[in-house]
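Asker: Given next are the chains, with one letter for each unit.
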Amino acid sequence: MGFEVETVIKIAAYTGGGIAMGLGAVGAAIGEGYTAARANLAISRNPEISGDIFKSMLVGQAVAESASIFALVIAILLLFMDAATPSLLKAAAFLGAGLSMGFGAIGSGIGSGYPGGEACFGISQQPAADSQLTTNMLIGSAVCQTPAIFSMVVALMLIFIDFGNAPLTPTWAAFIGAGLSMGLAAIGSGYGGGLAAGASCEGIARSPQSVTNVTTIMLVGQAVSQTPSIFGLLISFILMFKSFPESSMLATPMALLGAGLCMGFGGIGPGIGNGMAAEGAVRWVARNVEHSNELMRIMLVGQAVSQSTAIYAMVVSLVLIFVV
Amino acid sequence: MAIEGAEIVKAAAFIGAGLSMGLGAIGPGVGEGMVAAKACEAIGKNPREAGLLTRTMLVGQAVAESTGIYSLVVALLLLFVV
Chain Z
1 MGFEVETVIK IAAYTGGGIA MGLGAVGAAI GEGYTAARAN LAISRNPEIS GDIFKSMLVG
61 QAVAESASIF ALVIAILLLF MDAATPSLLK AAAFLGAGLS MGFGAIGSGI GSGYPGGEAC
121 FGISQQPAAD SQLTTNMLIG SAVCQTPAIF SMVVALMLIF IDFGNAPLTP TWAAFIGAGL
181 SMGLAAIGSG YGGGLAAGAS CEGIARSPQS VTNVTTIMLV GQAVSQTPSI FGLLISFILM
241 FKSFPESSML ATPMALLGAG LCMGFGGIGP GIGNGMAAEG AVRWVARNVE HSNELMRIML
301 VGQAVSQSTA IYAMVVSLVL IFVV
Chain Y
1 MAIEGAEIVK AAAFIGAGLS MGLGAIGPGV GEGMVAAKAC EAIGKNPREA GLLTRTMLVG
61 QAVAESTGIY SLVVALLLLF VV
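Residue numbers (our numbering), protein chains in the order written: chain Z, 1 to 324; chain Y, 1 to 82.
Be a bit skeptical, because a hint or two may be false.
[As the list claims (entries may be wrong)] Coverage of chain Y stretches by chain Z, computed from C-beta distances (three or more under 8 Å per stretch; other residues unrestricted):
1) 27-37
2) 61-73
[Said to hold, decoys possible] Listed next, with one range per pair, are the computed distances between beta-carbon atoms:
3) P86(Z) x E7(Y): 27 to 35 Å
4) A29(Z) x V81(Y): 44 to 52 Å
5) E6(Z) x S66(Y): 50 to 58 Å
It is worth saying that the hints were derived from the structure and are not from the lab.
As the structure is a computational prediction, the values presented were derived from the model and not from experiment.
We put the beta carbon where it would ideally sit given N, CA and C, even for glycine.
Pulled out of the complex, with its shape left as it was, chain Z reads as follows (with noise of 0.2 Å):
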């Protein structure tokens, strides 16, 4: 049963764009919701103010939307493109882009719900601090698309440069391999960056007057959360760039394929851990502003010592790719 390379192409870019939009929708609609069920309590608690505790729930939602926004963007173009140069390499790197956005956008839309939440939250208590919770809300919430971001630059990429005449075996599986670094990498970091937002903007408003202290250690800490999708783009650059010689072997592509999955499931827990240590540095530094230099070397401490791991799946990575 033989398709044609062209059949093949819109198969893989229809299963690409449908992977994109499916679990691209996943991570803002949780985060969303999470933002519109704080502002309900927020409206329960203090009514009179409802009008701007709605007005900041509808922005926080909106910055929460832009990661699914991306994932639409990344499925239409899969759904209306037409490859330059029909092959079936353009095929798998169709899968890549939808794998890269799909699972990319999961880790930013739910975090970025958190600092909208507790922003809406924070205002029903502490109304006079509107202006700095929204303010902090948007950087933080801003912050956090950055791993979406990442992925859908992945996913532009694998669609519209041309490989060329690269050899069909290996590379297919570097495509895919790129697609899955960058994109499962993506979710811890986008989630981690989350938590330190939420609770930079719930410290916000418990102690106004300690908002420099806490945008900067939510910043540094969102920074450090954001490393295990800094490293699952660098794998994929280096799937994406680096020329593989051809290969009739079944376990070169597998070792790529490998290196892919290594990279991304392991960005999962870093990303993760490191944004749960920050949130903890952000709480506490709003509570005792006086000791934020302690808390700001202890939450750094952590981080690196989380963000071990990530390390570890990065160099087994690099050996799949350079070494075996």
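With chain Z fixed as given, assemble chain Y onto it according to the hints.
Answerer: Same frame as chain Z, now just chain Y:
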């Protein structure tokens, strides 16, 4: 194209190594992050014991790390020994 048995074993070992290290990294990452979060909370409550708390955190994280190291060892065994 006929695929030899040994070839399939090698392919499975590579995928297995990736899954071993990848999935094995999730638990330690989350667990150590939780330890760090609680250590920050404890230092926020009682900053005078920062030294003791840092030490306890590091020992706890080192124990939580062990499963990640097992995964690394298994992955390297699959890559180079099996």
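Asker: Note whether the CB distance of P86(Z) and E7(Y) lies within 27 to 35 Å or breaks it.
Answerer: 30 Å, holds
Asker: Are three or more residues of the stretch 61-73 of chain Y within 8 Å, CB to CB, of chain Z?
Answerer: Our answer is that it holds, as 7 residues pass the Cβ test (under 8 Å) against chain Z, meeting three.
Asker: Please count how many residues of the stretch 27-37 of chain Y have a CB within 8 Å of a CB from chain Z and say whether that reaches 3.
Answerer: Coverage by chain Z holds for the stretch 27-37 of chain Y (11 residues, Cβ < 8 Å).
Asker: Go ahead and decide if the range 44 to 52 Å is satisfied by the Cβ distance of A29(Z) to V81(Y).
Answerer: Holds, at about 45 Å.
Asker: When you take the CB atoms of E6(Z) and S66(Y), is the distance between them in 50 to 58 Å?
Answerer: 52 Å, holds
Checked against the numbered hints listed earlier, the structure breaks none of them; every hint is satisfied.
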